[in-house]
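Student: The chain contents come next:
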Amino acid sequence: MMELEQSCSVLREFGSEQSLLSRPDGSSTFVQGDTSILAGVYGPAEVKVSKEIYDRATVEVLIQPKMGLPSVRERAREQCVRETCEAALLLTLHPRSSLTVILQVVHDDGSLLSCCLNAACMALMDAGLPMSLLFCGVTCAISKEGQIITDPSAQQEKESRALLTFAIDSVERSVLMSSTSGSFSVHELQQCIAVSQKASQQIFQFYRDSVKRRYSKIQ
Amino acid sequence: MDTVHARFKEKIGEVLLPGDVFSFRLPEDGEGDANIKTEKIICGPGLRRNGEEVQVCKSGILRHKQPNLYWIDSQQRRYVPAKGESVIGIVIAKSGDIFKVDVGGSEQASLSYLAFEGEEVQVCKSGILRHKQPNLYWIDSQQRRYVPAKGESVIGIVIAKSGDIFKVDVGGSEQASLSYLAFEGATKRNRPNVQVGDLVYSQFTIANKDMEPELVCIDSCGRANGMGVFGAEGLLFKVSLGLVRRLLAPQSEIVKDLEKIFPFELVVGMNGRVWVKAKTVQQTLIVANLLETCENMTSQQRQTLFRRVAEGSL
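As they're listed, the protein sequences go chains A and B.
Under the working numbering, the first residue of the first sequence carries the number 1, and numbering increases by one thereafter.
Under the working numbering, the first residue of the second sequence carries the number 1, and numbering increases by one thereafter.
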């Protein structure tokens, strides 16, 4: 319990911008500290007959690293993001269509997967795709002394003994997806989940504020 | 008797949710049983008696009618949002077929389908909540992607001719089909003069998520009514769906302001495509640029811009 109080969910300064690209149906950029991701969403669009699903939309996620070609690491991240998106979107409304999310890593300074999730959610909102809930990503690192750090930087990630990323939903604050590496106890896992749920509050409030600000101009 | 009614009274007009319970268990005095027998609380829809408790099983407002009738008003007169106020959008039911309260227009950008998932209305798109009397609600969102909807008039580009139909690109997830015979005065012998690459202004007769969309260029009386092939010259460009709706509004300010600058022809498709033709190429480009930029401007800024252009071009 002591650890939970010390590791208050302090996130780095984050910011976002929507509708910045002219070609995609929805786009956004999300910045957490120095980590920055640019997301573009296309959909509902045509899908190859081999990939089409008769009663739902096909969600495709592409993550482009800053340097080099996408590798297995990006594929693993893409799967995490795709499963979260499939849980949040109302896929049955667009059968035999494709919803594509493309994420470009502009700079990586830690918490990459959670920044990808946040950018993807803002881009999906911008594109107006129907969703049943919003999601956000929070990363926790457990240092060698057992301290929980939220939204770690690359340096903090390197020095940690475990790294956990959770996708939290906006309606019930439940965990939609988790991706972990390193070794930690069950107790530490539960603490990290609690800390992430608390931190997600800030991010959802930020989503709401930024969408409100965007629509206030048109009112 | 007063205590029970009092407990209900304090909740009358309040929103109750399933799981709320009114207990009749009075403190253990001698009068306990006698009081319970004398009251007759009639439970209307949404309330269920369960021994000594009355449970709320529908979400809504508690209403009261003299002398002792209580019920939960869960019609859509009162909007019980599960989350948010005016920002996050409204959910279409998962099956999509039951309980669709059609919000008119039906294109997902401006007007979303409202459906009851049980007794909750969930929001599924971000935007501004709009209301029309008496009980119509929808979300106004700024979307770029067009989703075909029945009855809407769109500008399509003919992509291919195959057999008896044309394949038309409308900007949706699949191409729409337009039959040869769906033009005014067209018969099997007298085929319409439509080539690949032509622009057509047409209406959807079939547009749902399960079938390929179909277009026609005639109305129900068989007359063209402005629809058909057009666009010998002029410029076609794409804008967001919100701007298109503003242009198509009955007393559109943007169109009125634009008219004052110079005369031009304008065709607006609900799929976000706009076609403009003015006397010279330069004027056409000016009108196109003005329309594209006035998307994110307030009316003040727009009027100053138009005024400057009008003075500059003259």
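Source of the hints: derived by calculation from the structure; they are not laboratory data.
Just so it is clear, the structure is predicted and the values come from calculations on it, not from any experiment.
Incorrect hints may appear among the rest.
Unchecked claim - In silico BS3-like pairs for lysine-lysine, Cα to Cα no more than 30 Å straight-line:
{"no.": "1", "chain 1": "B", "residue 1": "167", "chain 2": "A", "residue 2": "212"}
{"no.": "2", "chain 1": "A", "residue 1": "144", "chain 2": "A", "residue 2": "212"}
{"no.": "3", "chain 1": "B", "residue 1": "132", "chain 2": "B", "residue 2": "161"}
{"no.": "4", "chain 1": "B", "residue 1": "279", "chain 2": "A", "residue 2": "48"}
{"no.": "5", "chain 1": "A", "residue 1": "51", "chain 2": "B", "residue 2": "279"}
{"no.": "6", "chain 1": "B", "residue 1": "167", "chain 2": "B", "residue 2": "150"}
Said to hold, decoys possible - Derived list of chain B stretches under chain A, where covered just means 3 residues or more per stretch with a C-beta under 8 Å from a C-beta of chain A:
{"no.": "7", "segment": "120-132"}
{"no.": "8", "segment": "223-234"}
Built from N, CA and C at the ideal position, the CB exists for glycine as well.
Student: Where does the structure disagree with the numbered hints, that is, which hint numbers, in rising order?
Tutor: The structure breaks hints 1, 2, 3, 4, 5 and 8; every other hint is satisfied.
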